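Chains as they are written, first to last, in this note's numbering: chain A, 1 to 90; chain B, 91 to 180; chain C, 181 to 270; chain D, 271 to 360; chain E, 361 to 450.
Don't read these hints as lab results, they were simulated from the structure. Some clues are possibly wrong.
[Said to hold, decoys possible] Ranges of calculated distance between the beta carbons of each label pair, as one might list FRET restraints: (1) Gly230(C) x Lys383(E): 25 to 31 Å; (2) Ser90(A) x Gly381(E): 30 to 36 Å; (3) Asp446(E) x Val20(A): 51 to 57 Å; (4) Val110(B) x Gln374(E): 48 to 54 Å; (5) Ser36(A) x Val411(E): 34 to 40 Å; (6) Arg74(A) x Asp359(D): 27 to 33 Å; (7) Asp446(E) x Lys107(B): 30 to 36 Å.
[Stated by the list, open to error] Below 30 Å or equal to it, Euclidean Cα-Cα: the simulated DSBU-like pairs (lysine-lysine) are: (8) Lys197(C) x Lys395(E); (9) Lys17(A) x Lys107(B); (10) Lys125(B) x Lys17(A); (11) Lys365(E) x Lys293(D); (12) Lys125(B) x Lys305(D); (13) Lys377(E) x Lys287(D); (14) Lys95(B) x Lys275(D); (15) Lys383(E) x Lys293(D); (16) Lys5(A) x Lys17(A); (17) Lys95(B) x Lys113(B); (18) Lys293(D) x Lys305(D); (19) Lys185(C) x Lys215(C); (20) Lys287(D) x Lys275(D); (21) Lys395(E) x Lys383(E); (22) Lys383(E) x Lys185(C); (23) Lys197(C) x Lys185(C); (24) Lys185(C) x Lys5(A); (25) Lys365(E) x Lys383(E); (26) Lys113(B) x Lys125(B); (27) Lys23(A) x Lys35(A); (28) Lys35(A) x Lys215(C); (29) Lys305(D) x Lys275(D); (30) Lys197(C) x Lys23(A); (31) Lys125(B) x Lys95(B); (32) Lys275(D) x Lys395(E).
In this text, all values refer to a predicted model and were calculated from it rather than measured experimentally. Glycine is no exception: its CB is placed at the ideal position from the N, C-alpha and C atoms.
This is what each chain is made of:
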Amino acid sequence: MYMAKVIGSVVSTQKDKSLVGRKLMIVQPIDAEGKSTRSQEVAADTVGAGVGEFVLLVHGAGARKANVGERTQRDVVDCAIVGIIDTFDS
Amino acid sequence: MYMAKVIGSVVSTQKDKSLVGRKLMIVQPIDAEGKSTRSQEVAADTVGAGVGEFVLLVHGAGARKANVGERTQRDVVDCAIVGIIDTFDS
Amino acid sequence: MYMAKVIGSVVSTQKDKSLVGRKLMIVQPIDAEGKSTRSQEVAADTVGAGVGEFVLLVHGAGARKANVGERTQRDVVDCAIVGIIDTFDS
Amino acid sequence: MYMAKVIGSVVSTQKDKSLVGRKLMIVQPIDAEGKSTRSQEVAADTVGAGVGEFVLLVHGAGARKANVGERTQRDVVDCAIVGIIDTFDS
Amino acid sequence: MYMAKVIGSVVSTQKDKSLVGRKLMIVQPIDAEGKSTRSQEVAADTVGAGVGEFVLLVHGAGARKANVGERTQRDVVDCAIVGIIDTFDS
Numbered sequence: 001m002y003m004a005k006v007i008g009s010v011v012s013t014q015k016d017k018s019l020v021g022r023k024l025m026i027v028q029p030i031d032a033e034g035k036s037t038r039s040q041e042v043a044a045d046t047v048g049a050g051v052g053e054f055v056l057l058v059h060g061a062g063a064r065k066a067n068v069g070e071r072t073q074r075d076v077v078d079c080a081i082v083g084i085i086d087t088f089d090s
Numbered sequence: 091m092y093m094a095k096v097i098g099s100v101v102s103t104q105k106d107k108s109l110v111g112r113k114l115m116i117v118q119p120i121d122a123e124g125k126s127t128r129s130q131e132v133a134a135d136t137v138g139a140g141v142g143e144f145v146l147l148v149h150g151a152g153a154r155k156a157n158v159g160e161r162t163q164r165d166v167v168d169c170a171i172v173g174i175i176d177t178f179d180s
Numbered sequence: 181m182y183m184a185k186v187i188g189s190v191v192s193t194q195k196d197k198s199l200v201g202r203k204l205m206i207v208q209p210i211d212a213e214g215k216s217t218r219s220q221e222v223a224a225d226t227v228g229a230g231v232g233e234f235v236l237l238v239h240g241a242g243a244r245k246a247n248v249g250e251r252t253q254r255d256v257v258d259c260a261i262v263g264i265i266d267t268f269d270s
Numbered sequence: 271m272y273m274a275k276v277i278g279s280v281v282s283t284q285k286d287k288s289l290v291g292r293k294l295m296i297v298q299p300i301d302a303e304g305k306s307t308r309s310q311e312v313a314a315d316t317v318g319a320g321v322g323e324f325v326l327l328v329h330g331a332g333a334r335k336a337n338v339g340e341r342t343q344r345d346v347v348d349c350a351i352v353g354i355i356d357t358f359d360s
Numbered sequence: 361m362y363m364a365k366v367i368g369s370v371v372s373t374q375k376d377k378s379l380v381g382r383k384l385m386i387v388q389p390i391d392a393e394g395k396s397t398r399s400q401e402v403a404a405d406t407v408g409a410g411v412g413e414f415v416l417l418v419h420g421a422g423a424r425k426a427n428v429g430e431r432t433q434r435d436v437v438d439c440a441i442v443g444i445i446d447t448f449d450s
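Chain A on its own, in the form it takes in the complex (with noise of 0.2 Å):
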């Protein structure tokens, strides 16, 4: 799981339908001092992430599993948002 920020969102019309209706937020994966580290990517947010806030990004079948709308066998989906993050201890 990679710790980010959320800096934005994007709009999509044309897309795959198991992208319907999902958030779709730009994130800055971060480190725990908030430095930027991997290159910026499209997570589809599940816990209601605002701009501005830390998250928790998952990847792969576990941004499927995350995907608490209806559970389609066909969600492409491959980074969620799962968490958001309180405070860093480090």
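Given the coordinates of chain A, assemble chains B, C, D and E onto it according to the supplied hints.
Here is chains B, C, D and E on its own, set in the frame of chain A:
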């Protein structure tokens, strides 16, 4: 998921049969400001994306689930275009 | 599997239910000389690791198979601590 | 999928039985201008690619689905050549 | 698959039970000229590789399929040595 710009396509005659009839686009992953981030890849298009457009990429099993063509158990694709980005709000 | 040092933990109240009750540790991947290699991550602890200890990390489905708690079909974890390293022989 | 150039092969006698009889090619991932991008890898050839040719690589389960030989449940391959690139249009 | 050199091993007493009895080797991924490429990893040996030998690494589900020991549904391994390289022809 990664944001990317479609910069071209590849033609391959001698290939796995699950790639026959698929549009194989060269994509350059970018950040929300359009700056290049990761190395170029080839993605199977599933939403009618054209050169110059900004798109959403998924990898792994998610890319195979996006295969809207004849669902083949033996689909080798591991990267797919699953959305055309209208706007970046960041 | 990656070698890593446990450097802290994160607290998250608003999160996927499969993360409830899990110890979410901040880990810094290292090489055999203790030098930092990849970016920091958050790993679910499954062996009682503490801050300052050297550990073994697994990713993807392997991380979900390490979930010794109540086996949930919907486990979103994609990184887990699966061993505490006693010695590096290199 | 990644574009790559085939630059050689490896010979391995002591290996997993699912690798027996497979052509193991050394590949250098490149971009559309032929510039090296990621680190070299070894890929199982499935389309008759030769040294010097430009090819398409897939990873993970997609690489195992490309195994046109005797389908073994226990195929350890995680990278395969699934196409020979005729032209790059970018 | 990656080429790598075996440079040592780790000892871990407190670990996931699927790692018990497995040889956990420290490996340095290399290119065909022996130059280091990616960060060091720990791989479960399945072919009797020793320190100083050049080997083939697989990741993810492929690494679990290489587990020649008692096939455990709960194998957490995500990186395995599946071949000893005799020669690099490049």
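Subject >> Given pair status - Lys305(D), Lys293(D), alpha carbons within 30 Å >> reply: holds, 25 Å
Original post:
Given the proposed pairing of Lys17(A) with Lys107(B), does the C-alpha separation stay at or below 30 Å?
Top reply: Satisfied, since the Cα-Cα distance of roughly 26 Å is no more than 30 Å.
**OP:** Would you mind confirming whether the straight-line C-alpha gap from Lys185(C) to Lys5(A) stays at or under 30 Å?
**Re:** Roughly 23 Å between the alpha carbons, so the hint for Lys185(C) and Lys5(A) holds.
Subject >> Outcome of range test on Cβ distance (Gly230(C), Lys383(E); 25 to 31 Å) >> reply: holds, 26 Å
Original post:
Are the Cα positions of Lys35(A) and Lys215(C) separated by 30 Å at most?
Top reply: holds, 18 Å
Subject >> Restraint status (C-alpha distance of Lys383(E) to Lys293(D) at most 30 Å) >> reply: holds, 27 Å
Original post:
Does 30 to 36 Å hold as the CB distance between Asp446(E) and Lys107(B), or does it fail?
Top reply: Given about 33 Å between the Cβ atoms, the range holds.
Subject >> Assessment of proposed distance window 48 to 54 Å (beta carbons of Val110(B), Gln374(E)) >> reply: The hint (48 to 54 Å, Cβ to Cβ) holds, given that Val110(B) and Gln374(E) are roughly 51 Å apart.
**OP:** Given the hint that Lys287(D) pairs with Lys275(D), test it: the Cα-Cα distance must not exceed 30 Å.
**Re:** At roughly 27 Å apart (the allowed maximum being 30 Å), Lys275(D) and Lys287(D) satisfy the hint.
Subject >> Whether the CB-CB distance between Ser90(A) and Gly381(E) falls inside 30 to 36 Å >> reply: holds, 34 Å
Original post:
Does the alpha-carbon distance linking Lys365(E) and Lys383(E) stay inside the 30 Å limit?
Top reply: holds, 15 Å
**OP:** With a cut-off of 30 Å on the C-alpha distance, tell me whether Lys395(E) and Lys383(E) pass.
**Re:** Satisfied, since the Cα-Cα distance of roughly 25 Å is no more than 30 Å.
Taken one by one, the earlier hints fail for this structure only at number 8.
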